[in-house]
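Asker: Here is what each chain is made of, one letter per residue.
4 protein chains.
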Amino acid sequence: MKALVKRTAGRGFVLDDVPTPKIRGDEVLIRVRRAGVCGTDVHIYEWDPWASGRCRPPFVVGHEFAGDVVEVGALVTDVRVGDRVTAEGHIVPELSYFSRTGQAHVDPQTRIIGVDRDGCFAEFIAMPARNVWHLDDAITYEVGGIHDPMGNAFHTTLTAPIPGSVVLITGCGPIGCFAAGIAHSAGASRVIAVDPNPKRRALARAMGANDAVAPDEAADAVGRASRGLGADVVLEMSGVPSAVHQAFALVRNGGNVQMLGIPSKPMELDLATEVIFKGVTIYGVVGRRMYDTWLQMTQFLRSGSFDPTPVITHRMPMEAFDEAMALIKGGDAGKIVFEIG
Amino acid sequence: MKALVKRTAGRGFVLDDVPTPKIRGDEVLIRVRRAGVCGTDVHIYEWDPWASGRCRPPFVVGHEFAGDVVEVGALVTDVRVGDRVTAEGHIVPELSYFSRTGQAHVDPQTRIIGVDRDGCFAEFIAMPARNVWHLDDAITYEVGGIHDPMGNAFHTTLTAPIPGSVVLITGCGPIGCFAAGIAHSAGASRVIAVDPNPKRRALARAMGANDAVAPDEAADAVGRASRGLGADVVLEMSGVPSAVHQAFALVRNGGNVQMLGIPSKPMELDLATEVIFKGVTIYGVVGRRMYDTWLQMTQFLRSGSFDPTPVITHRMPMEAFDEAMALIKGGDAGKIVFEIG
Amino acid sequence: MKALVKRTAGRGFVLDDVPTPKIRGDEVLIRVRRAGVCGTDVHIYEWDPWASGRCRPPFVVGHEFAGDVVEVGALVTDVRVGDRVTAEGHIVPELSYFSRTGQAHVDPQTRIIGVDRDGCFAEFIAMPARNVWHLDDAITYEVGGIHDPMGNAFHTTLTAPIPGSVVLITGCGPIGCFAAGIAHSAGASRVIAVDPNPKRRALARAMGANDAVAPDEAADAVGRASRGLGADVVLEMSGVPSAVHQAFALVRNGGNVQMLGIPSKPMELDLATEVIFKGVTIYGVVGRRMYDTWLQMTQFLRSGSFDPTPVITHRMPMEAFDEAMALIKGGDAGKIVFEIG
Amino acid sequence: MKALVKRTAGRGFVLDDVPTPKIRGDEVLIRVRRAGVCGTDVHIYEWDPWASGRCRPPFVVGHEFAGDVVEVGALVTDVRVGDRVTAEGHIVPELSYFSRTGQAHVDPQTRIIGVDRDGCFAEFIAMPARNVWHLDDAITYEVGGIHDPMGNAFHTTLTAPIPGSVVLITGCGPIGCFAAGIAHSAGASRVIAVDPNPKRRALARAMGANDAVAPDEAADAVGRASRGLGADVVLEMSGVPSAVHQAFALVRNGGNVQMLGIPSKPMELDLATEVIFKGVTIYGVVGRRMYDTWLQMTQFLRSGSFDPTPVITHRMPMEAFDEAMALIKGGDAGKIVFEIG
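Residue numbers (the numbering used here), protein chains in the order written: chain A, 1 to 341; chain B, 1 to 341; chain C, 1 to 341; chain D, 1 to 341.
Treat the hints with caution; some may be incorrect.
Any copy, or any two copies together, can satisfy a pair, since identical chains are not distinguished.
To be verified - In silico SDA-like links for lysine to any residue, alpha-carbon gap of 20 angstroms or less:
| no. | residue 1 | residue 2 |
| --- | --- | --- |
| 1 | K265 | Q109 |
| 2 | K199 | D332 |
| 3 | K329 | G10 |
| 4 | K22 | A272 |
| 5 | K265 | F277 |
| 6 | K329 | P19 |
| 7 | K265 | P241 |
| 8 | K199 | D48 |
| 9 | K265 | M316 |
If you are wondering where the hints come from, they were derived from the structure by calculation, not from laboratory data.
This one's a predicted model, so the numbers in the text were calculated from it and none came from an experiment.
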């Protein structure tokens, strides 16, 4: 089959022919239709220090996708050939402490498709049946293909108290934009999105942000919306140090800061004034809760109260991978989707 | 001043001249502008067994209102003459166990205005400053005058997990209709309201119910919305035994039943099959959380995501009290507001 | 192998030779060492209306056990031959809505060993690997053999706020007695256990109840412990209507009532005064949370802060099943354990 | 009356005669019997940058105390002359957003006795009646006099999930030692206390820590107790950067870090690996929840499951203030109590 392969340590991907995966008795084989492109793929493409420290080429890249089940293992009972599906790309030991206590998303033994094992930028992918998530008939393959980052946004947003809250979102990449729509639909009193890039701000506005402002306008916007108290909830989606400091500066005393953006290196914090004296609660967000987050996401899509498609700015074949990487690095793209099968 | 008075044990009210209240050092005097009429007022008017067991005439009736502060006690620091306000009508000892642990709404020593002491169907009312709630400039006196029952609806709805949930509301009186709007704005996946009365169903639909159906259609509507699982959350707003049974029949296993409607007498329940084997959580709702509920209500009003005015079907002077009582007993009215000052 | 079999519809069990179970690729075979006897077994023995409505003979009875793994299926990776284990007896579809959202304990498709399929009063039992729970070396087979009812007690107790609370337990059967020990170790301010039977009260006291009193003394005990407020938490473990009413009478306003005991038929409740005006939260308890409850139980056993052995009053071979059934019906026994392998 | 006064900007206190406070209508006058000495008092004594930035001499110092009510204002209804009391030293506007939503402990308008207004190292102190907390007859003035720091420990500990958890406490000053006792009584599976000072470790052990170890032994102790997973809950009580890093290194993925210790200046954190990828929840602890924390503390004292007296290592008259300051700076003292009236 055709696949995008990280062939060797070093920059770039290769479009190649590789064997179609074989499945075990508890796995299913899925024909990939659509696959989302993520910043993580760029790290692997560029072979930055994180990627070279973690990944072991050769492997097929890509971890966000949707498609059709074409084969099921002998022990699989709840997935059938022909089912339209997406999947959780974090594969966790079934009986681990974390899996068994609702914390699979933070299991240190997690193996991620397209990072630690073969991924989905390919015509087919093998997945454990227990990672499969069925798509409603009304959900397109395209939307199915971005359930992974949408799930990050649902996890980040809905683990904070949203109804009635003033919500600040620092960083309007695709996940931040999704979060704007989710917060809006879940009854936020006001959604304020912050990004230096006007194209990204426009996307956030399209998704439901009441205000989408540059960083130096954020304090005023939060002050107006909260009568000077500060934001009830901050969703930190950028990983940029100045945004992290702004998150702590603008959250109200006793509020919540949800941290999804990954700072690339250690940074200085004044824990006394930024965290402790403010009495804030910080939550570090990893992946998606398995599978509470997936259910919430499906419910929002089913009701029609959340539509991610404005964030999808580019669609292309996976052969155009060099262009996709360049677009993401350029910072103006929303979500890019590969059209595969 | 002019006031509606429960003069003696027995049916009816009297419109009368009574002394304007004097205030203590920690109280304020409020000129009443608008006042909501409630089913509780009807019980007192009719002098039913509940009313005759609890109330001690003579007293001024009415417990929902908004108006202007015209005098403040010597020790009052956060309320000023001229402030536009409403108030929590449940007056609770300030240092009680319940007040001090966020549970003032269930303090057994609560005294309710218009029930246990003089109320608001009058030109003026004296209130403890700590029960006063300020109105935003954009909130009308009319909407301020129904914060009490709106607060019941916010309390009932937002103490359950709403974002993404299928929400069933049994009973479309004013509070049930408010709840339909709140659940919709807080991200419910689908809001299904049930009432035998088509006028009430039309109000629920106007407020945001996706489906507003007769009781015998409820099971189908819930089944469709939940793929046969049952409602995630049921808001029981009627107190009618058949609706209570329907609430337990249609909630999904592990779901939540919020009970606000008051059954008028004991009823039979099959606790094994209706409650225990289903693993449900039941929450008995009293009043409004002081003052978390009030804050949430203000945030929803401030954002514009909730508008209660479609539920207000009648406005009249308090002189028309006999007509108001008859309208509520007739069952077709939404909320009735007295225009006083 | 030797097994206790419900051979036909009608009263009694038969000790019989039956084929040793075969296992599937995702199952394990366990040699049973110890097995707890439960009131449910008595219902099946007596063939009461519940049993005749649910069970389909012939099948091996028994659902609480511990033993050694003697064979593992081809796909099993986390369980090995020789492991000392117990198991969750509720078998739930792996990918169901309930399993995937932390609510497997209330999945309506649950099949229970010894009720809906072959159970553990036998030399061997086949179990899905994902239902297996490993025993620490320090845990005896005997204590392993009663993890199921201990788990009911942990689930009931630790889903309520225990540290600092006045806890009332209505009903001192084995699960009520376990709950007394758990509440004590989890920091309850005072544990008050109620039962008409003095032998059961003595067991509750041995497990950690501060007070163990007859039903007519319960109100005084709660009043003294709570300065007249009422119990913060009530664990209803009896299913007896008078105890259910007492639970609601003695819980404080705003408190929690956890319902595990199963009333045998519908009963009358005054929802207004017993539930709604008190603002209580009721939680219907089914089984054990999979597997948060199991983890908490293991942590309490590991720390030594909870020891269930005083509740075990009888040990006997499974051949003595008629005697075991009689002892449980007599009401004086604590927990009975069959010594099998 | 006699009082310890911060007379002017600069080092030291003065024992002086000052006027007995006058009370307002909503205040009470308390004769001080016992008063705890806190590290904050040392900061004010030393006139360090924090103190000189915040405090405005002259004022009476001290913020932890117990005593007898000797006079009550005209509007006070729930406190009487002769009552034995302590008090919450954080004085918050009664109708503020924070006060009204259960978050008074983080109100930015808080004024602290002995810091922002006259304190309790004096024969008498005036307090708002709503800050008074009654002492049970069985509670000594001495224990009443340290409710403030005990409350910090209860707040820090009981806002995390303790029953069944492995709890790590970094820092064994008085509050860390109190926390060891609370965690033990609330059902922690194992309590591991860490401090470089062996005298402090001995106090922690006396209060209920299962292990009290030096920092370089902490990883082993946590690993053994948690089978390599990490601590479920960390209570950071030191504010020392190396301990903060250890807290994040030793908490398990998905665990809780409660931060009470105040780092004296900004420090570098690797948010990616220390917080986000671990999926931890951080809670910044300020003061005591008003008044949930006070109630929990009273319940633990009432039940006898928590006894703070081993932590009190020195008792002296307030005339010995220089000695008290030196003892605390020396690092070997537990809690010091002034015996005043």
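Asker: Now look at each hint and say whether the structure bears it out.
Answerer: Going through the hints against the structure:
1. K265 - Q109: This pair counts as neither: shortest intra-copy Cα distance 23 angstroms, inter-copy 36 angstroms.
2. K199 - D332: Within one copy only: 6 angstroms inside a chain, 52 angstroms across chains, cut-off 20 angstroms.
3. K329 - G10: Cα proximity of K329 and G10: one copy only (18 angstroms, versus 56 angstroms across).
4. K22 - A272: neither (54 angstroms within a copy, 36 angstroms between copies)
5. K265 - F277: between (25 angstroms within a copy, 13 angstroms between copies)
6. K329 - P19: This pair counts as neither: shortest intra-copy Cα distance 31 angstroms, inter-copy 65 angstroms.
7. K265 - P241: The answer is both: 9 angstroms in one copy and 18 angstroms across copies each meet 20 angstroms.
8. K199 - D48: neither (27 angstroms within a copy, 49 angstroms between copies)
9. K265 - M316: neither (33 angstroms within a copy, 50 angstroms between copies)
In terms of the numbered hints stated before, the structure departs from hints 1, 4, 6, 8 and 9, listed from lowest to highest.
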